[in-house]
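Chemist: Sequence:
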Amino acid sequence: MLPKKWGNLERQRPRLRWATWGMGAGVVLTALGALGLGSLPFGILVLVGSGVWAYTMLR
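My numbering numbers the first residue of the sequence shown as 93 and each following residue consecutively.
Since the hints were derived computationally from the structure, they do not count as laboratory data.
Honestly, I wouldn't trust all of these hints.
As the list claims (entries may be wrong) - List time: in silico SDA-like cross-link candidates among lysine to any residue, alpha-carbon distance up to 25 Å: (1) Lys97 / Arg109; (2) Lys96 / Gly125; (3) Lys97 / Gly118.
Stated by the list, open to error - Simulated restraints on C-beta separations: (4) Ala126 / Arg103: 27 to 37 Å; (5) Lys97 / Gly125: 28 to 38 Å; (6) Gly99 / Thr148: 18 to 28 Å; (7) Asn100 / Gly128: 38 to 48 Å; (8) Asn100 / Pro133: 33 to 43 Å; (9) Tyr147 / Leu124: 23 to 33 Å; (10) Val120 / Gly99: 32 to 42 Å; (11) Gly128 / Leu150: 30 to 40 Å; (12) Leu129 / Lys96: 19 to 29 Å; (13) Gly141 / Pro106: 12 to 22 Å; (14) Gln104 / Val144: 32 to 42 Å; (15) Lys96 / Ser131: 14 to 24 Å; (16) Trp110 / Ile136: 32 to 42 Å; (17) Gly128 / Arg103: 37 to 47 Å.
Each residue gets a CB set at the ideal place from its N, CA and C atoms; glycine is no exception.
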């Protein structure tokens with residue numbers, strides 16, 4: 093679970109919520125790709141891209 097501080101940051105910067113959902117989707121897509129049910133590179137790309145986006149918003 094995300095810390096309480098993250099919830100406060102999401103209220104201040106609503107786009108962080110989208111980044112959080114993107115990271116979650118990236119984890120799911122990566123797991124499905126590892127199981128052979130999807131595209132592993134696409135899942136990793138979504139995961140890393142959302143993480144970089146969240147990082148740039150927090151800087």
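Chemist: Kindly indicate which numbered hints from before are broken by the structure, ordering the numbers from low to high.
Modeler: Per hint list: 2, 10, 12, 14, 15 and 16 violated.
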